[in-house]
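Q: Spelled out, the chains give:
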Amino acid sequence: MNLLTVSPSPHIRGNETTSGIMRDVLIALIPAAVASVIIFGFRTLAVIAVCVCSCAIFEWAFEKLTKRDTTIGDLSAAVTGVLLAYNLPVTIPLWQCVVGSFVAIVVIKQLFGGIGKNFANPAITARIFMFLAFTGTMSRYIIPRSPDAVTGATPLMIMQSGVGELPSALDLFLGNHGGVLGETCALALILGFAYLLIRRVIGWETPVIYVAVVFALTAAFGGNPVNAILSGGLLLGAIFMATDYVTAPMTFWGRFVFGAGCGVLTVIIRQFGSYPEGVSFSILIMNILTPYLNRLTAAKPFGGVK
Amino acid sequence: MMKRLPGIHAPHLKNTDAKTAEILPVPKLVHIPMSMHIGAPARSVVTVGDIVKVGQLLGEPDGAVSSPVHSSVSGTVKSIDAIDAVTNERGTVIIIESDGLQTPLETLTPPDVNTAEDFIAAVRDSGVVGLGGAGFPTAVKLTVKDIAQVEYFIVNGAECEPYITSDTRTMIDDAELLWDGIRLVKKHLGVTNILIGIENNKPEAIRVLSDYAAKEPIAKVVSLPAMYPQGGEKVLIYNLTGRIVEEGKLPLDAGCIVINCTTLAAVARYIKTGMPLVEKRVTVDGSAVRTPKNVIAPIGTPLSDIFDFCGGLTDDVRKILYGGPMMGVAVLSVSAPVKKSTNAIIALNAKDAALPRETECIRCGRCIGGCPLGLMPAVLRDYFLLGRTDMLEKYKVNLCMECGCCSFNCPAKRSLTQTMKLAKARLRESQAAKNK
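As given, the protein sequences belong to chains A and B, one line each in that order. Everything in the first sequence is counted per my numbering, starting at 1 for the first residue and increasing by one. Everything in the second sequence is counted per my numbering, starting at 1001 for the first residue and increasing by one.
Think of the hints as simulated: they come from the structure by calculation, not from any bench. Just to be clear, a hint being listed does not mean it is correct.
[To be verified] Going by beta-carbon spacing under 10 Å, a handful of chain B positions derived as facing chain A: (1) 1008; (2) 1010; (3) 1022; (4) 1162; (5) 1234; (6) 1249; (7) 1252; (8) 1327; (9) 1334; (10) 1348; (11) 1365; (12) 1368; (13) 1375; (14) 1396; (15) 1408.
In this text, all values refer to a predicted model and were calculated from it rather than measured experimentally. Just so it is clear, CB atoms sit at the ideal spot from N, CA and C, and this is done for glycine as well.
Could you build all of it, start to finish, from the sequences and the hints given here?
A: Below, the structure is given as structure tokens:
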């Protein structure tokens, strides 16, 4: 007989794997890609492809250079690539996508130790970097299906400046307006959210609280709360970025507070800031607070005595 | 609906729950360890060459927390070894060569049980220890200074581990004995609230015992969701009564005694027949077992005899467990013996025994969400690696019951439960050093 394996319990494991979870996130992102192709055309696919490929290559290359096991098989770099692409306008020069991917994977993720170790969301931080570095190309939004790719304002720009006409609520919901690739179609994002909930990849707490706080505070400031939640990157950020495991709290109440904090910051930036959009900044700031939220909302041990 | 503690939905794999136990042919040799319980090992009272019969005392309890050990076969004492090289059992192991006749000891008679003291003495003499796996001497557990302290007497029929069905079969096939046990507890301990907690994936056991309860309402059968670790002592107490067993306290401090259903049936068998605990109903299952079964085997039977009786093991067997896959212990050799607290032996093939590759923690929080006791394994792991025993203490790693839920849930396949065990040991060492 063969030698027996002796190892500590448990001797049976659940079916979930890191790559399985990332695959589910990618599946949940498909509706938004389809919507984006319909709204902005086939260049969408080029932007996504360049971001995903360069993220994967940077991850692989960095891990080769530093002589560590390659982790592109866990698909987390692919998720970062898709999310970065979804934060870019369709007209973005492709070389800028490569630069953004470098920032996301090498600077934000790998230099901090790779998957599980980075404190900031790679896609969000890369977006902010690109927004500051390539302001011109990053704020050139085209009007969907306009014959000559006419540039125009996003709904949030219109709200902030008061110039121009806002799309109808239905157009906002379907995404028929200017914006970055993945943010415009609320319907597609909500479909993805439903999938993630059904697959138990994420809990409801962060997205629902985030959106609810934005809704309530916008109403309190006298704004149109429905337009506020259907415009800009709120749903994309709330569903896919604020729920990133690595950079958000691990406890239920931590995630709850994280969502609420993101909501407050988003509304403050939108109302008082000079930028029309505040979702990425809010999430990045809350990323920094995550270790403290974990500590403040530590689970209470059952039967524990102080 | 009362609040219940979280847990995991492990696969049930109760392949043998409809199979009444088959009686194993008498093994040629039995290896009976003197330590099959928590506490001091029993002290051997036989010598090599002695002729022994079934139920004869082999070892007497050595101290207050100990338990007697009896012969499970009739035959000749072949050797008494300090360390049994065959089974890798540490401590004294008595090896008996069976004569195949299974002659019971003539002097075995049912004990006279008239008072609570008689009852406790009988439990002690029966050699019964916690048969759910813990092996704590049952008589010690039942020795309560003030019986009014016991508000709930809980019979644990949850059997939440995957594969295992031996408790299920006890509740069905030995329902009469189990009910005798409940009558004894009622009569001699005077407990008013007796609850039998059974997971709802055992409808037949629930039905059989509910019929008894309907005829003789001295105990209440409670159906619980089939969720691991429903049968964990603290979990079961909370889910049945809402009581919390505090850190460093015993269930008794929360007004509860929990006893496994098979343990209670074994006590009743001794008081009814005078035959102490000499055999066990064992579930034999797992991907490397050709014909999964429930088997009644003499204590001390080498596992290989039992596997042979179940069609043998497949060629790719890689791991053999005492107990279930969540908390069971991997054995070194197939010649290890059945012990008092062995409720299952599980043999896994190469595929099921393959150790998963660990990857980095992605901080998903599944270990925290799945911990029945509200601990934070991912955080505790960080503090363990940093050597921060102060934080291990603050975050209560000592409360961990090693149920395995964190490792089970982990998508990065990290051995969190193992880390928790190490962290507990580290904390104990540091506290011991401090108290010196």
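Q: For every hint, state whether the structure bears it out.
A: Do the hints match the structure? See the list:
1. 1008: Constraint on residue 1008 (chain B) satisfied, holds at 7 Å.
2. 1010: Interface hint status for residue 1010 (chain B): holds (7 Å vs cutoff 10 Å).
3. 1022: 24 Å, violated
4. 1162: Where the cut-off is 10 Å and the nearest Cβ of chain A is about 6 Å from residue 1162 (chain B), the hint holds.
5. 1234: Constraint on residue 1234 (chain B) satisfied, holds at 7 Å.
6. 1249: 8 Å, holds
7. 1252: 14 Å, violated
8. 1327: 5 Å, holds
9. 1334: 7 Å, holds
10. 1348: Holds, about 7 Å.
11. 1365: For residue 1365 (chain B), the interface hint holds, since the closest Cβ of chain A sits about 4 Å away, which is under 10 Å.
12. 1368: 6 Å, holds
13. 1375: 6 Å, holds
14. 1396: This hint holds: residue 1396 (chain B) lies near chain A, its Cβ roughly 4 Å from the closest one there, short of 10 Å.
15. 1408: 5 Å, holds
Checked against the numbered hints given earlier, the structure breaks hints 3, 7 and satisfies all the rest.
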